[in-house]
Amino acid sequence: MSMNFQPDQLQTMIVEAVDAVAPTSGIVGVAPVSCGAFIYDGFDFDFCQSLPGCAPAVASGIKRVRPKALVFTYQNGMDLAAAGISEVIHAANRGENISVIYADNGSCGLDCTEESRIKICELLSSLNNPVYITRVVATDKDNKAAIKSIKNAFKLQQENRGFSFVEILLVSSDDESKETKALMEELPSKVFVDKYGVEKA
Amino acid sequence: MPKRLMKGCEALAQAAILAGCRYYFGSPVAQQTELSAYLSKHLPLVGGTYVQAADEISAINMVYGAAAAGAKVMTSGSSTGMSLKQEGISGIAASELPCVIVNTMCGGSVAGASCPAQADYWQATRGGTHGDYRNIVFAPCSVQEMTDMTIAGFNYADRFRTPVLILADSIVSQMMEPVELPKLPLDYDIDSKKWALGLPGTNKHNKNVCASTFTVQDELEEHNWHLYQKYQVIAKHFTEEDKDLAIEEYMCDDAEIVLVGYGIIARLLKTVVEKCRKRGVKAGLARPKVLWPFPTQAFKKLAQNTEKFMVIEMSCGQLVEDVKMAVNGAKPVYFFGRTGGAVPSDFEIFNEVSKLVCLD
Chain A
284 MSMNFQPDQL QTMIVEAVDA VAPTSGIVGV APVSCGAFIY DGFDFDFCQS LPGCAPAVAS
344 GIKRVRPKAL VFTYQNGMDL AAAGISEVIH AANRGENISV IYADNGSCGL DCTEESRIKI
404 CELLSSLNNP VYITRVVATD KDNKAAIKSI KNAFKLQQEN RGFSFVEILL VSSDDESKET
464 KALMEELPSK VFVDKYGVEK A
Chain B
3 MPKRLMKGCE ALAQAAILAG CRYYFGSPVA QQTELSAYLS KHLPLVGGTY VQAADEISAI
63 NMVYGAAAAG AKVMTSGSST GMSLKQEGIS GIAASELPCV IVNTMCGGSV AGASCPAQAD
123 YWQATRGGTH GDYRNIVFAP CSVQEMTDMT IAGFNYADRF RTPVLILADS IVSQMMEPVE
183 LPKLPLDYDI DSKKWALGLP GTNKHNKNVC ASTFTVQDEL EEHNWHLYQK YQVIAKHFTE
243 EDKDLAIEEY MCDDAEIVLV GYGIIARLLK TVVEKCRKRG VKAGLARPKV LWPFPTQAFK
303 KLAQNTEKFM VIEMSCGQLV EDVKMAVNGA KPVYFFGRTG GAVPSDFEIF NEVSKLVCLD
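Read top to bottom, the protein sequences are chains A and B.
With the numbering used here applied, the first sequence corresponds to residues 284 to 484, in that order.
With the numbering used here applied, the second sequence corresponds to residues 3 to 362, in that order.
Chain A extracted, bound-state conformation (with noise of 0.2 Å):
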């Protein structure tokens, strides 16, 4: 199975969705720990590094403050699904309005086993407060569906309707293993929050 982490590639697809809504009053990412914590060296606008797992409670900090401002956090696996699945959690049923943007490479934690694995947006769809959960698939080849889920989760937040949540599952465009196919197949892109139907506009 070769599903990586592959930091430029997100970062593309945040460029190109951060263009695509054009914010004009401040845009703030906020970096998880372990190897995206220097995700922010491919932007050019403001970033925020947070403790493990803590990225969506330093988002609800900034957005409190800036709620102009465009503000999303970047965590993978280690960082979101583990030491901070309760960040997430509260966030999202808080309807804090920020955008999560999930780089999941199949492995939920340190321990990295898909035993441990976690199925995040099921367990958010559960709360009443996101507006808007996704699953989608990413590969080097293509990432469209990656950046206009992105682009709609940025858009519910100019528009102030609340919690957003984007799991991307990266995979190569040349991975035909067993393994990710069972993934993909365990881990269906769905979208499985829509509150305001942007999915269809």
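These are calculated hints, taken from the structure and not from any lab test.
Beta carbons are placed, not taken as given, at the ideal position from N, Cα and C, and that holds for glycine.
There's no promise every hint is true.
[Claimed, not checked] Sample of chain B residues facing chain A (criterion: CB under 8 Å; computed from the structure):
| no. | residue |
| --- | --- |
| 1 | G49 |
| 2 | T51 |
| 3 | A56 |
| 4 | V65 |
| 5 | A68 |
| 6 | A73 |
| 7 | G200 |
| 8 | K209 |
| 9 | V211 |
| 10 | C212 |
| 11 | T215 |
[Stated by the list, open to error] Straight-line C-alpha distance at most 20 Å; calculated EDC-like pairs for lysine to aspartate or glutamate:
| no. | chain 1 | residue 1 | chain 2 | residue 2 |
| --- | --- | --- | --- | --- |
| 12 | A | K351 | B | D193 |
| 13 | B | K209 | A | D327 |
| 14 | A | K431 | A | D324 |
Got chain A; can you put chain B on it based on the hints?
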């Protein structure tokens, strides 16, 4: 200015509003419940934001974000909650973000008990968790000081871009006293900090980064030395420029024994000093009001004139170590403590002092 009768933690909350604090993230827990409740009611009245966080970790990280965005921001907790906040405080200190954090100490480890204690001195004055950092620590002993030190705390936090900790005990937090609230300008320009994130009008190509993680060893060492230099400047400030804020000395000029304590204990010690004086014992009181930076020079000077020190705490002995370091063996330093929620009486302390001195 007329005085108002207020509870310690409510006066602190009002002082925070007067100092320009418009964001509070925390929960109503234990001895600081009224602080949180007060702000939930009064912050929205001045256009502020109160968020009852799901837990302490969430709260301190919201503080992290709000401070990074340029706000005057506060959180509070009681001992156990403070332990949960520690990693966040470390990150805030290392990222050089200003904020005020209130700890109304309770007794014991883990959940402890909702009772008066001073068992968090080490945690407060040694940074609190991993990393080379310190926080400015104020120790109020009255409702008026809860007010004054909070306002000073916000000013110092902004001036030195560092967290300021108000280390209160549950008695000071819960008791009611007349308090004079200063009239301060309510206006604070939230866009005045040019390093802040998400400033209005900014967009791409105008980048501020809030970070404390470094992968290059030289960069990390340089950052740690930079923080150290800042802490030296803070220490110098409280030694040379703001000495009165750092320590209160009471009847120390001719004291043969100096009693040392902070917070509510110091008020008991004043009574003990007066009792001693009536019995012909020249006792004095030294009350550190700022616990970090510790008023080392003041204690060195006191050691030149007195014969001995006695440190009294509601713990098994934490402040006493700083006093010993400051005195550096020049004079003996004795200790008396009660712990687990027990508050020593003035009579009890007087008896302990009596064992060290000759009474008439």
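Do the hints match the structure? See the list:
| no. | hint | result |
| --- | --- | --- |
| 1 | G49 | 12 Å, violated |
| 2 | T51 | 5 Å, holds |
| 3 | A56 | 4 Å, holds |
| 4 | V65 | 6 Å, holds |
| 5 | A68 | 4 Å, holds |
| 6 | A73 | 4 Å, holds |
| 7 | G200 | 4 Å, holds |
| 8 | K209 | 6 Å, holds |
| 9 | V211 | 5 Å, holds |
| 10 | C212 | 4 Å, holds |
| 11 | T215 | 5 Å, holds |
| 12 | A:K351 / B:D193 | 13 Å, holds |
| 13 | B:K209 / A:D327 | 6 Å, holds |
| 14 | A:K431 / A:D324 | 23 Å, violated |
Violated hints for the displayed structure, listed by number in ascending order: 1 and 14.
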